[in-house]
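Chains Y and E are the protein sequences, given in the same order.
Going by the working numbering, the first sequence opens with residue 109, and the numbers climb by one from there.
Going by the working numbering, the second sequence opens with residue 109, and the numbers climb by one from there.
Accuracy of the hints is not assured; some may be wrong.
Because identical chains cannot be distinguished in the list, a pair is counted as satisfied if it fits within a single copy or across any two copies.
In silico EDC-like links for lysine to aspartate or glutamate, alpha-carbon gap of 20 Å or less [what the hints assert, rightly or not]:
hint	residue 1	residue 2
1	K138	E216
2	K138	D213
3	K138	E171
4	K165	E115
5	K165	D125
6	K138	D177
7	K138	E201
Since the hints were derived computationally from the structure, they do not count as laboratory data.
Protein chains: 2
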Amino acid sequence: MGFSEIELSAAFGALSDTSRRQMIRLLLQKPRRAGELAECLDMSPQALSRHLRVLRKAGLVFEQGIERDARVRIYSVHATAFQPVQDWMAQVENLWRRQLQAFKDFAENPRRTGRLKP
Amino acid sequence: MGFSEIELSAAFGALSDTSRRQMIRLLLQKPRRAGELAECLDMSPQALSRHLRVLRKAGLVFEQGIERDARVRIYSVHATAFQPVQDWMAQVENLWRRQLQAFKDFAENPRRTGRLKP
DNA sequence: CCATTAGTTAACGACTGTGTTAACTTTCTC
DNA sequence: GAGAAAGTTAACACAGTCGTTAACTAATGG
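With the sequences and hints as input, model every part of the structure.
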């Protein structure tokens, strides 16, 4: 519940790019090497590395421990990555339901409620 | 279910700004005038107008019909505004659950499942 | 009409994000 | 140890964003 605005902005911003969303989906299927992502997305390793940095800074993705070959870096989706975004969306949904109810009340008995939220 | 990547990018991008998220929340409480939003957020009318344009182009907000005073423009949150975002988040949640299940299966019976998603 | 009000748009400057090319680090392999 | 492989980082060019100031549109009120 306690999430900062900065955190939220970073998460939404990171998800505002199609390639990065695709990366998330690929990493949700299974953890993958950086190079593997670059191949899947047909993107240069440099470009992909920067996208990874964005996702890392947003806390959506993390680099897990070394494998046999210490050159390769394997990335995964962070467990609680989407909690801030989901919490915010849930709040929005609640507010929306409340406004809908206000309309409904007004429709059923206009003069009693007067206008919605004076 | 059928949402375009462009649409998604626009929505996430629009929500990646703290002021715009605040605007959404204010508009979810009740429809408001543009100037009212500017006052609430302590922002110049010009700056706010541009934020409104971003939200409009993302389909999150719309300008509803004229009131008594035709100079004022009243904005509301669009009903199906957050559907693409919520759908995408739901997909992510499903994929996450699936990966979690794969881990669980592997932990319970390592050699039968071999490795997750070869 | 003329001034005022509500709001948007245009133009400028500062800042940020993105892809490319090039250089660099670290690790493996022979 | 030399060279290749996997990634990251640096430097550049370019486009997009954001706020401010100024100009503009449209409607109201005397």
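- prompt: Within a copy, between copies, both or neither: where do K138 and E216 come within 20 Å Cα-Cα?
  reply: For K138 and E216, the Cα distance is within 20 Å only across copies (18 Å; inside one copy 51 Å).
- request: Since the copies are identical, ignore which copy is meant and state whether K165 and D125 lie within 20 Å (CA to CA) inside a copy, between copies, both or neither.
  value: Both: 15 Å inside a chain and 16 Å across chains, each within 20 Å.
- request: At 20 Å max between alpha carbons, let me know whether K165 reaches E115 within a copy, between copies, both or neither.
  value: within (9 Å within a copy, 24 Å between copies)
- prompt: Is the C-alpha distance from K138 to D213 at most 20 Å within one copy, between copies, in both cases, or in neither?
  reply: between (48 Å within a copy, 14 Å between copies)
query: Is the C-alpha distance from K138 to E171 at most 20 Å within one copy, between copies, in both cases, or in neither?
result: Within one copy, since 13 Å is at most 20 Å while 43 Å is not.
message: I want to check one pair: K138 and D177. Are their C-alpha atoms no more than 20 Å apart within a copy, between two copies, both, or neither?
response: The answer is within: 18 Å in one copy meets 20 Å, while 57 Å across copies does not.
- prompt: How do K138 and E201 come out at 20 Å by Cα distance, when the copy is not named: within, between, both, or neither?
  reply: between (30 Å within a copy, 14 Å between copies)
Of the numbered hints listed earlier, not one is contradicted by the structure.
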